[in-house]
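Engineer: Starting from the known structure of chain A, arrange chain B on it as the hints suggest.
Protein chains: 2
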Amino acid sequence: MPEKVGSQTIVFQNDVCISSYAAVVGAKEGEGPLGNGFDKVYNDELVGEDSFEKAESRLQTTAVQTAIKKSGMTEDQIDYMFAGDLLNQCIGSAYGLKDFAIPFLGLYGACSTMALSLALASLFVESGVAKHTIAVTSSHFCSAERQFRFPLEYGGQRTPTAQWTVTGSGAAVVSCGKNGPRINAITFGKINDLGVKDINNMGAAMSPAAAETIKAFLDDTNTSPKDYDLILTGDLGKVGSDLLHELLLKDNISIAENHNDCGLMIFDLEGQDVHAGGSGCGCSASVLCSKILNEFKSGKYKNILFCATGALMSPTSTMQGQSIPSIAHLVNIVK
Amino acid sequence: MPEKVGSQTIVFQNDVCISSYAAVVGAKEGEGPLGNGFDKVYNDELVGEDSFEKAESRLQTTAVQTAIKKSGMTEDQIDYMFAGDLLNQCIGSAYGLKDFAIPFLGLYGACSTMALSLALASLFVESGVAKHTIAVTSSHFCSAERQFRFPLEYGGQRTPTAQWTVTGSGAAVVSCGKNGPRINAITFGKINDLGVKDINNMGAAMSPAAAETIKAFLDDTNTSPKDYDLILTGDLGKVGSDLLHELLLKDNISIAENHNDCGLMIFDLEGQDVHAGGSGCGCSASVLCSKILNEFKSGKYKNILFCATGALMSPTSTMQGQSIPSIAHLVNIVK
Numbered sequence: 000m001p002e003k004v005g006s007q008t009i010v011f012q013n014d015v016c017i018s019s020y021a022a023v024v025g026a027k028e029g030e031g032p033l034g035n036g037f038d039k040v041y042n043d044e045l046v047g048e049d050s051f052e053k054a055e056s057r058l059q060t061t062a063v064q065t066a067i068k069k070s071g072m073t074e075d076q077i078d079y080m081f082a083g084d085l086l087n088q089c090i091g092s093a094y095g096l097k098d099f100a101i102p103f104l105g106l107y108g109a110c111s112t113m114a115l116s117l118a119l120a121s122l123f124v125e126s127g128v129a130k131h132t133i134a135v136t137s138s139h140f141c142s143a144e145r146q147f148r149f150p151l152e153y154g155g156q157r158t159p160t161a162q163w164t165v166t167g168s169g170a171a172v173v174s175c176g177k178n179g180p181r182i183n184a185i186t187f188g189k190i191n192d193l194g195v196k197d198i199n200n201m202g203a204a205m206s207p208a209a210a211e212t213i214k215a216f217l218d219d220t221n222t223s224p225k226d227y228d229l230i231l232t233g234d235l236g237k238v239g240s241d242l243l244h245e246l247l248l249k250d251n252i253s254i255a256e257n258h259n260d261c262g263l264m265i266f267d268l269e270g271q272d273v274h275a276g277g278s279g280c281g282c283s284a285s286v287l288c289s290k291i292l293n294e295f296k297s298g299k300y301k302n303i304l305f306c307a308t309g310a311l312m313s314p315t316s317t318m319q320g321q322s323i324p325s326i327a328h329l330v331n332i333v334k
Numbered sequence: 000m001p002e003k004v005g006s007q008t009i010v011f012q013n014d015v016c017i018s019s020y021a022a023v024v025g026a027k028e029g030e031g032p033l034g035n036g037f038d039k040v041y042n043d044e045l046v047g048e049d050s051f052e053k054a055e056s057r058l059q060t061t062a063v064q065t066a067i068k069k070s071g072m073t074e075d076q077i078d079y080m081f082a083g084d085l086l087n088q089c090i091g092s093a094y095g096l097k098d099f100a101i102p103f104l105g106l107y108g109a110c111s112t113m114a115l116s117l118a119l120a121s122l123f124v125e126s127g128v129a130k131h132t133i134a135v136t137s138s139h140f141c142s143a144e145r146q147f148r149f150p151l152e153y154g155g156q157r158t159p160t161a162q163w164t165v166t167g168s169g170a171a172v173v174s175c176g177k178n179g180p181r182i183n184a185i186t187f188g189k190i191n192d193l194g195v196k197d198i199n200n201m202g203a204a205m206s207p208a209a210a211e212t213i214k215a216f217l218d219d220t221n222t223s224p225k226d227y228d229l230i231l232t233g234d235l236g237k238v239g240s241d242l243l244h245e246l247l248l249k250d251n252i253s254i255a256e257n258h259n260d261c262g263l264m265i266f267d268l269e270g271q272d273v274h275a276g277g278s279g280c281g282c283s284a285s286v287l288c289s290k291i292l293n294e295f296k297s298g299k300y301k302n303i304l305f306c307a308t309g310a311l312m313s314p315t316s317t318m319q320g321q322s323i324p325s326i327a328h329l330v331n332i333v334k
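Top line first, the protein sequences correspond to chains A and B. Taking numbering that gives the first Met the number 0, the leading residue of the first sequence gets 0, the next gets one more, and so forth. Taking numbering that gives the first Met the number 0, the leading residue of the second sequence gets 0, the next gets one more, and so forth.
So here's chain A without its partners, still in its complex pose (with noise of 0.2 Å):
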């Protein structure tokens, strides 16, 4: 039975693993640092498809295929699965798995989405309900651009605090057992707003919503930063990060030399032309199923936190002048 401890984490008593993985991504991430990690890099921006949005689709399909063959089960053995996206009403997740005949449990926590599918689905394997469940969320830059800001062909121009929305997914087969990295803990996050208003700013919005879950997670398991190998962010960008160090140093809480961040490490921040960096549902996602859960079986890594964070803002409420809201879900992944 999961425990909850202190005032919002929940520890698992057994055995509860990442069995298999996957990431799918775009063009610009295969050529980024992490770029021979991936499973699979699609140098056609449609991915074979007539719309971004169907592109994005298609990077689902493939990720949770890809990751239910590497585990060497068939679709048939997933209990349940847990998706999620950017697009309006999560058309990503509902095309991109409608044809999998698995119960589909759709979440919204924008950019958080990996971070709070991967949490649930380790619940349900947790809690004696499944056996075998898949987390799995999306983004698409072309897509995002559309939806979030302007249609590519205007040209807009960018601020150097905004961030590149990653065109990739990442899916994660959660099955009870140890064939893999353990899930030991997760902590779901609460609704975090300073009033931050700048739309090409989320890092700032959201590193306010990352700094509170980490500092829950660790008062909550009464554990210090130097315990963990990595504590990852997901994707606050160079301005959240710098941001959420200071947060923290304000409780004494140190991260500097642990920390990093899924959208600092997605792109080469210098050559890529990303400005502050990475971000998207699909960014998270694709970093922690290749580069992040591969180091566990080199041996790199032994205990992490994942802390994906997410910007509820949508253009409606960005015109209609309200602040951002932001929100961040931690999972403790251990060898």
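It is worth saying that the hints were derived from the structure and are not from the lab. As the structure is a computational prediction, the values presented were derived from the model and not from experiment. The beta carbon of each residue, even a glycine, is placed where N, CA and C say it ideally should be. Hints may contain errors.
[To be verified] Each computed SDA-like pair below joins lysine to any residue, with the alpha-carbon atoms no more than 25 Å apart:
no., chain 1, residue 1, chain 2, residue 2
1, A, K237, A, L193
2, B, K196, B, P159
3, A, K130, B, D218
4, A, K290, A, N257
5, A, K3, B, K177
6, B, K214, A, D98
[Said to hold, decoys possible] A short list of chain A residues far from chain B (calculated; beta carbon distances all over 10 Å):
no., residue
7, P159
8, N257
9, E269
Structural biologist: Below, chain B without anything else, positioned relative to chain A:
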């Protein structure tokens, strides 16, 4: 510990109950047949706000505040909240709930979301990781019309198969113990797509999902429709309800005698010009959290199935010629 039975149903072993609930609605819903069962009826469609989206958020805020107040508890006793709505990026929930200091799990299941949120809220209590959780969803006629169809000022005609989005929100507090109707079992549905493309006929698109989930539940639990006082779908409306009966009859399952639909209950179909009935995340939520749960107190209902249905398309997927995937989740509520 919860137990999985059959292909996709989870049966609870502990006492998990709906200890409190509340529903708040707009003027048209207040004038309907269920009008006197709601906790609050707003005659101002803006609910004191300056936009329809903010009004929808306010409905969620009020529903949650009222449900918590009626429970006799305070906000800090609620361990987790589960919420969703129809607006792009689910801003109805994010802005409506951002001031509650409660860990937040955002969901998207279109109009099925109340069953999804109630099922997850219950499972957290059943699994022992929460003592009290809250499930809430909302919709608003005006925010939905301008997002999914036309600006109200355009005065677009509606087809006879179209449904009227409910302005309302329903919230349920789920607790361990026997202090209210109990949750006995839950079934998470699979995505279903029979190729319906008519965006003005959601009932037709969603009925196959309802049929599949109801059949899965009956098969998994080895029960038949006559075992239940009420099989309540959320919001197939008139067209979809008739199709659901037809589809289930093909499997020799007759629900005509004890089936009703939230979309058929909330409005007077003849007198209120709503065509095929009500719809929206707020429809099944506000009907469940008023009339239906009240009838458990009166003793009319002892064992019901609540099966909310959702159409997972977006205006973008429709414009790109895609069909409408749908889903239905089910919650078995007993005295």
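Engineer: If a hint holds in the structure, say so; if it does not, say that too.
Structural biologist: Verification of the hints:
1. A:K237 <-> A:L193: Holds, because 19 Å separates the two Cα atoms, which is no more than 25 Å.
2. B:K196 <-> B:P159: With a Cα-Cα distance of about 16 Å, the restraint between K196 of chain B and P159 of chain B holds, given a limit of 25 Å.
3. A:K130 <-> B:D218: Roughly 20 Å between the alpha carbons, so the hint for K130 of chain A and D218 of chain B holds.
4. A:K290 <-> A:N257: holds (16 Å)
5. A:K3 <-> B:K177: Holds, at roughly 21 Å.
6. B:K214 <-> A:D98: With Cα atoms ~19 Å apart, K214 of chain B and D98 of chain A stay inside 25 Å; holds.
7. P159: Label holds. Min Cβ-Cβ 25 Å, cutoff 10 Å.
8. N257: It holds; N257 of chain A is separated from chain B by about 25 Å at its closest Cβ, greater than 10 Å.
9. E269: For E269 of chain A, whose nearest Cβ neighbour in chain B is about 32 Å away, the distance exceeds 10 Å, so it holds.
No hint from the list above goes unmet by this structure.
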